[in-house]
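Chemist: Chain by chain, the residues run as shown.
2 protein chains.
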Amino acid sequence: MTITTPKGFKASGVTAGLKASGNPDMALVVNDGPLQVAAGRFTGNRVKAAPVKWSQQVLTTGALKAVILNSGGANACTGAEGFQNTHATAEKTAELLGCGAVEVAVCSTGLIGEQLPMDKLLPGVEAAAAALSADGGEAAATAIMTTDSVAKNAVVTSPAGWTIGGIAKGAGMLAPGLATMLVVLTTDAVIDQPLADAAIGTACRYSFDRLDSDGSMSTNDTVLLLASGASGVEAAADEFITALTDLCKDLGKQLLGDAEGSTKDIAITVSGAATEDDAVEVGRCVARDSLVKTAMFGCDPNWGRILAAVGVSKAPFDADQVDVAVNGVQICKAGAAGDSRDLVDLKGRAVAIDIDLHNGAAAATVWTNDLSHDYVHENSAYST
Amino acid sequence: MTITTPKGFKASGVTAGLKASGNPDMALVVNDGPLQVAAGRFTGNRVKAAPVKWSQQVLTTGALKAVILNSGGANACTGAEGFQNTHATAEKTAELLGCGAVEVAVCSTGLIGEQLPMDKLLPGVEAAAAALSADGGEAAATAIMTTDSVAKNAVVTSPAGWTIGGIAKGAGMLAPGLATMLVVLTTDAVIDQPLADAAIGTACRYSFDRLDSDGSMSTNDTVLLLASGASGVEAAADEFITALTDLCKDLGKQLLGDAEGSTKDIAITVSGAATEDDAVEVGRCVARDSLVKTAMFGCDPNWGRILAAVGVSKAPFDADQVDVAVNGVQICKAGAAGDSRDLVDLKGRAVAIDIDLHNGAAAATVWTNDLSHDYVHENSAYST
Numbered sequence: 030m031t032i033t034t035p036k037g038f039k040a041s042g043v044t045a046g047l048k049a050s051g052n053p054d055m056a057l058v059v060n061d062g063p064l065q066v067a068a069g070r071f072t073g074n075r076v077k078a079a080p081v082k083w084s085q086q087v088l089t090t091g092a093l094k095a096v097i098l099n100s101g102g103a104n105a106c107t108g109a110e111g112f113q114n115t116h117a118t119a120e121k122t123a124e125l126l127g128c129g130a131v132e133v134a135v136c137s138t139g140l141i142g143e144q145l146p147m148d149k150l151l152p153g154v155e156a157a158a159a160a161l162s163a164d165g166g167e168a169a170a171t172a173i174m175t176t177d178s179v180a181k182n183a184v185v186t187s188p189a190g191w192t193i194g195g196i197a198k199g200a201g202m203l204a205p206g207l208a209t210m211l212v213v214l215t216t217d218a219v220i221d222q223p224l225a226d227a228a229i230g231t232a233c234r235y236s237f238d239r240l241d242s243d244g245s246m247s248t249n250d251t252v253l254l255l256a257s258g259a260s261g262v263e264a265a266a267d268e269f270i271t272a273l274t275d276l277c278k279d280l281g282k283q284l285l286g287d288a289e290g291s292t293k294d295i296a297i298t299v300s301g302a303a304t305e306d307d308a309v310e311v312g313r314c315v316a317r318d319s320l321v322k323t324a325m326f327g328c329d330p331n332w333g334r335i336l337a338a339v340g341v342s343k344a345p346f347d348a349d350q351v352d353v354a355v356n357g358v359q360i361c362k363a364g365a366a367g368d369s370r371d372l373v374d375l376k377g378r379a380v381a382i383d384i385d386l387h388n389g390a391a392a393a394t395v396w397t398n399d400l401s402h403d404y405v406h407e408n409s410a411y412s413t
Numbered sequence: 030m031t032i033t034t035p036k037g038f039k040a041s042g043v044t045a046g047l048k049a050s051g052n053p054d055m056a057l058v059v060n061d062g063p064l065q066v067a068a069g070r071f072t073g074n075r076v077k078a079a080p081v082k083w084s085q086q087v088l089t090t091g092a093l094k095a096v097i098l099n100s101g102g103a104n105a106c107t108g109a110e111g112f113q114n115t116h117a118t119a120e121k122t123a124e125l126l127g128c129g130a131v132e133v134a135v136c137s138t139g140l141i142g143e144q145l146p147m148d149k150l151l152p153g154v155e156a157a158a159a160a161l162s163a164d165g166g167e168a169a170a171t172a173i174m175t176t177d178s179v180a181k182n183a184v185v186t187s188p189a190g191w192t193i194g195g196i197a198k199g200a201g202m203l204a205p206g207l208a209t210m211l212v213v214l215t216t217d218a219v220i221d222q223p224l225a226d227a228a229i230g231t232a233c234r235y236s237f238d239r240l241d242s243d244g245s246m247s248t249n250d251t252v253l254l255l256a257s258g259a260s261g262v263e264a265a266a267d268e269f270i271t272a273l274t275d276l277c278k279d280l281g282k283q284l285l286g287d288a289e290g291s292t293k294d295i296a297i298t299v300s301g302a303a304t305e306d307d308a309v310e311v312g313r314c315v316a317r318d319s320l321v322k323t324a325m326f327g328c329d330p331n332w333g334r335i336l337a338a339v340g341v342s343k344a345p346f347d348a349d350q351v352d353v354a355v356n357g358v359q360i361c362k363a364g365a366a367g368d369s370r371d372l373v374d375l376k377g378r379a380v381a382i383d384i385d386l387h388n389g390a391a392a393a394t395v396w397t398n399d400l401s402h403d404y405v406h407e408n409s410a411y412s413t
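Line by line, the protein sequences give chains A and B.
For the first sequence, my numbering assigns the number 413 to the last residue and increments by one with no breaks.
For the second sequence, my numbering assigns the number 413 to the last residue and increments by one with no breaks.
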């Protein structure tokens, strides 16, 4: 149940030798049509990797034949040589598929600031093209993993007869403006490009854009949607947007659950906000607060830290009105102590922080993780 | 060499029993004049502790006789009862000193969300008043410590014949808009209130406001300056502002050096910015990035993470122009790899990250710490 579940797609995952571990590190996803509709979203970071710059350019056509992806190197902060390497990767892929380079998006993930070893990567493109198959989606999901402990796949199927599939990677550097991730979404629904673009925009807004694992925004985030139309069934816009959003939320939760060193998946729901943007901003302030995150790691329902984090936001509220519940216990009422913190059970992985600003009718949920010893351990020794 | 070094001040530090540890937890600082000039700065957090609200109010007169401080409880998020407790503390202090409550500022630090035990605190005020002495500054510095491992004192003396002294506490929740700190500054210089206010504003701007240990902004930050005029020497404005700024930078470095669980003091200097505000914003983006901070803990000069953090800022720059040096080694040139990262020595506590945006002539330095196992340990078990 992956990106090759929808009709009209082939995929592969192979080992080019980019990773010291010898694990698979190149993936290829091909859309055999009849449609080649495509849409995408990219990192909000102003330092963009070469493959992001390339893919943004080629996506202006609204069509893609294929996506070539590598782990084992981000190709970010690599100058003109890095961009030429991305271009060469797309050219090689296009040559093997019999299409133009402008029909090939490129995604890379791994360490920033190192040139990709093209002597290994280009033979890897050949191997990936040779390995393409109608059930290669899971191999592709595996090949894009970096510090991920499990591959991430998801599928939703419409009773109308079309299907959406997705793969994702990402286990750190997860923050607003997309999380650090590569995501490829495929569908056999018959949709036009404006609907593809609207759907991926809405889906990202309510899923990946509300994931803030560690406040760090990546240089390589890419989410691509490819539509083959191979089901022959035209999708209703509302149903398609909802289904794609649900699928992206599913993938987002898989990313959250696999975040580096995390022991908690924390859903911060802010209600009573004047606007949805206010609710998201307050949620992010709490999601990014190291003292809240370490308290959650310590199973400590320290609501004072939550209120202090809310106070950093620019959203309008009255500090003497704010309620906070943790896992259903109303430990802060009207800005002061409420029910006993001893009633809060924080032993499980899932944590719900509910904040009511009592300042309006808008609400939003932002997801984050705790800050643990293992997070520090994994990230203090990544590039060495 | 502390706040009782300038003439005209008495201070004390005593144990009221607010801390489970039995360590000193109440301090009193009294200005015996002839002047009672005062100025202050407070947390930028919109959730303000009761003593912050009180002290902001009484400081509108521009004069203070005394400051009463307690550790062992922040009196933040404590509602009307909390504010009444602050008021009662000021009243009690005023009664013992023979002045009005409006001449007494109150500072509290400790856990948010708990009411102070007034049955212990008010006798503590009596004990503090009884213990006042002309060399009680260091006892006061000790009594305001929370997770601090050492008391923080500083003094600067002008050849003109006046002196400034300072004490500070703070070892976490250090972030822009003041760091989590209580600071009391005293001087025997003859200055008027507008100069006191201008001096504390400039001093905070270039010291505490540029300290960002962990991105968390406190509810209780307070910096107070009391001028007794007891030296009889009128201070030149420029000299006084410079001296106060230097003293606050000294205290700021003491806070940084004692930050919870830290192993590195990191000075992030951003140059080539269009404006000083841009330079500060870029510095803060880097200072708050968990992946940069964990890399520094791991002695890993991972400049890609630094560039990714710069890219999150809104300051104008061209990603292909940015240079980054770590401890003097130019590991990133024009947005790509420069000298070998193997040349960077990160074994010491002091780390210098120098970022040149090549986009203007403004510069600023922001100070932060690394993110370590001990930070997670100390903050995952603070309130329990």
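Bear in mind the hints are in silico, worked out from the structure with no lab data behind them.
One or more hints might be untrue.
No copy is singled out in the list; a pair is fine if it fits within one copy or between any two copies.
Listed below are the simulated BS3-like cross-link pairs for lysine-lysine, each with C-alpha atoms no more than 30 Å apart in a straight line [unchecked claim]:
| no. | residue 1 | residue 2 |
| --- | --- | --- |
| 1 | K278 | K36 |
| 2 | K149 | K343 |
| 3 | K362 | K36 |
| 4 | K278 | K293 |
| 5 | K48 | K376 |
| 6 | K82 | K278 |
| 7 | K149 | K293 |
| 8 | K82 | K362 |
| 9 | K343 | K282 |
| 10 | K282 | K36 |
For clarity, every value in this text was computed on a predicted model and none was experimentally measured.
Chemist: Checking each numbered hint in turn, tell me which of them this model violates, lowest number first.
Modeler: 2, 3, 7
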